[in-house]
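**Student:** Here the protein sequences line up with chains V, W and H, keeping their order. Per my numbering, residue 1 is the first one in the first sequence, and the count goes up by one each step. Per my numbering, residue 1001 is the first one in the second sequence, and the count goes up by one each step. Per my numbering, residue 2001 is the first one in the third sequence, and the count goes up by one each step.
These aren't lab readings, by the way, just hints derived from the structure by calculation.
In silico DSBU-like cross-links for lysine-lysine, where the CA-CA straight-line distance does not exceed 30 Å:
1. H:Lys2346 with H:Lys2363
2. V:Lys69 with H:Lys2409
3. V:Lys50 with W:Lys1163
4. W:Lys1163 with H:Lys2059
5. H:Lys2088 with W:Lys1163
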Amino acid sequence: MSTVATPAPAPRRRRRRGTKLQRRQTRIGWILLLPSLAVVGFVALYPLGKTVYQSFTNQEFLAGIEPTKWVGLENYRTLWHDTIFRDAVWLTVKFTLITVSFEFALGLIIALVVNSSFKGRGAMRAVMLVPWAIPTVVAAKMWQWMLDDVFGVINDILMKLHIISHPHAWISDPATSLAAVSAVDIWKTTPFVALLLLAGLQVIPRDLYEAASVDGANQLQQFWRITLPLLLPAILVTLVFRTLDALRVFDVFFVFFGNRQDTQTMAVYAQSTIVGDGHVGYGAAVSVAIFLIISLFAVIYMVFMRVTEE
Amino acid sequence: MSTAAETEAARAPARPVSRSRAFRRTPVGRAVVKIPLWILIAAIFVYALFPFYWALRSAFMPANELFTTPIKYFPTDPTWANFREVLNSSFFRRALLNSTIVAGSVTLISLAIGSLAAYALGRFHFHGRTFVLYLMLSMTIFPQIAILGALYTMISNFHLYDKLGALILTYLIFTLPFTVWVLTSFMRALPGELEEAAYVDGATPLQVFYKVLLPLIAPGLVTTGLLAFIAAWNEYLYAVSFIQTPSHYTVPVAITSFTSPGGNAFQIPWGQIMAATVIVTLPLILATLILQKRILGGLTAGAVKG
Amino acid sequence: MKHRLLLLAGLVGAIALIASLSVAAASSNKPSRAHKAAAISAPKVPNAKAIKKKYGGQKITFVGDSVGDGHKRDLALAKRFTKDTGIKVNVVPHPAASDQSYSQLVRAFSQKSSSIDVAMIDVVWPGAFAPYLVNLKPKLGKQSKLHIQSIVQNDTIGGKLVAMPWFGDYGILYYRTDLLKKYGYKAPPKTWNQLFTMARKIQTGEQKTNKNFYGFVFQGNAYEGLTCNALEWIASAGGGTLISGGKATINNAKARTILDAMRVQIGKTTPRGVTSYQEDQTEHAFDDGNAAFARNWPYQYGIGATTGSKVKGKFSVTVLPHGATGKSVGTVGGWQLAVSKFSKRKDASIEFVRYMTSPAVEKFDALTNSNVPTIVSVAKDKAVRAKNPYLKPAIASVPRVTRPAKFLKTHYNEASKVIYQGVNQILNGTPAKNVLPGMQSKLNQIIK
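Just need the whole structure built from these sequences, with the hints factored in.
**Tutor:** Here you go:
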């Protein structure tokens, strides 16, 4: 799968003589790219630049009374002392660590299970895709109802199993809020992780296992020596995507907690500052900080991947 | 690694088989060994599908049954009332329409200009091609929240605030790069000499594109189109930030701000919210089940790189 | 292959099902609630002929109540108005969430848009929108004298009457008369401590048979409703009204005491989940028989009193308790009607507002939707009182406290957020003395 997935090297062409045809290729190529580049530039790169610029101003969205002026690093100075933002960053990182580890562990188990042959494997794979296809907020609403402290089925089941003695307020109680919201994300995304890992597993040739089996290697040794190393590229890619997705989390937290202070992720805080309070300038500084934090994680992963490739 | 395995296999003689191993090889043994596997599989099925069952059950329960304790696992007095109220409410019908318009437009635009870009990146040689390719890749991990403020001001300057056009424009941020990346890999997978014959016949590059290449990557178009549609349909952050009037809400926003068509603004109609959830997810689920192979192919093509 | 066909059939079946449901839904007639409005028809417009002559044929846009019974009422009234005066009214429901509705108006006003003529504004917004609203005093000043004066004053900014009161709301205490009797209490509690004691006794007794029973429920979620609840607690305990004289006053000993008292009750006489409760969960808890006391707006009365309700005939209302030193208060809620300065049809809009805030329409509102009238004479009307017992003078005359919107203008939402986030934090377990100083300095920063 990995070989098919990598864009194969461009088909080799006969050496074209003269730069005229080469120039024509270049020209056509760029013309074809123009619409896409224009969109990306306009909708992504320009706003990014604008955000950086806005972060140095005191722009307000709603007031309109105070003229917007340059304030230099003042927003960043305030940001540095903003304990709520710091808590939001920390919460987001905690959430990322929890969900990515669980999703990876569970996803791997599920992938291994599905990879072993049994009837109905196709149906299983299909069923697993289902939580992924649903809008996140719809999933959040379903779980919010299931976790309700009075009418929720989770409380009911846990009480019937005698795991808890009376209904628990999973979402309200700060001690369990993070667990509740993580549960939803894990439910929704584990299938996706499992499927990616499954794709990676299916590329590993069976003969390796057979040979090792003949040698007397047991399941665990086979897993350790064959599966894991060959699965590593898929694992890394999955981890990168999941981590970066988790750092950007917004939907579930917003649906569950709204404007509650101790359960704001970076994205929720930024949205509330910009859209709720109308502080465009300060919100831009927050956005730049978020962008840098996420880029930091991306860079760490890239370095790690480079290192492991060698 | 394979050579090591080969030499090891050649060296060691076949080991005597233990008794448990022998048992595991009998038909009964095989079945017994698989029991934990089946339990695990059943657990996974329940884990993935139980929330849907719960939404379904809640959707069919009238309000007086829904808000009582102890909880009923099965509606004793099932009713279509919740579904009727949801579909009767123009609020929700509008939301379905809005989402379809937005997701549909975004998908079509992404496929149109994305396939052109993929054509350039996949079949042409020129300086800067690799740079553009990696630019597109890095856009797929772009945090949408970071540009929320700038987009907010841009959109109101263009008088697009509270209009579906705002969403169609901004959703391209995450649909277009992914579309370009995946379609490029499809383009590259096609044999190199394909266009030669057409060029010899005097075809222009554009004709080559839609007469020769496009039909061949049709599966890729279906896949990326589907993924783009789902991504646009599910989006929440921009939808909740750029749209205000209830009649312009898309489905995700509508579901989270559902108010009962008949009732006080303070009441949260869980029965109807669950009915709306079922209405929204059922087609998605069925589409996913039918097209799972395509979806899987698209996801892995886009995500698993060597 | 076969399995695929099956799925395809399923998809087609599902679509067919939804389509047929839509058709069925569209053709079926909406029962019950429509009857209420039909029983009493929208009152006729006084002076209709004169208005028609002057403004007939003009079109105005009214941003009114959110989807639901409120929107239906708006439509009924607008229809009558159009029929009588020939002025066409385009009724647009506003977003259900208060802060979204607020943003919608701010955007329209800051862009000087003429797309909104008449707007329904929350009682805390006149201060923010005053610069953008028409002064209604010249034309509606006389009619405004019919309304509760404290609300009129709330709507008067800098001498201009920027909005007409439309319907009022205030916090009241719901209590279970049967449970009070069962546990030997002759009257509802007068102070908060009394309420806690009574709640605990009743809860201990009732929890033996009902694990979901709690003594007291209120709105504790981090949203605007909590600001209302918190204001009631603090003001009734003598701790001031959050901001006065242009400065935040929330960090004082009495506020600390009452907030900590509430905090301690969480999980004891109030359910742990109350910090996620909004009005709806409060109402469910009480109407399902799972609470002895509840603080909510008057709207809950009508729901609990309908046939089939578990608590019908078993509850009553009174004013909220007060602190050891202090008096009972109720936070003012409710809505006003205002005319945009950028409207192209100001006069026609004012006539619409005149109609909507007239005694006849307020009575119509009170009888069909249980909305609290802001006109004193309507509140005294026998039919209205019969339908809405919380309008008894003893309760209806409770002193109202208003949220401190006047000092905060366009920053009201942000300041309220500071308040409700802080109080929610306290309720979730942080002692008040750790939270109030921060809240106070943030509020002062916003006021500046």
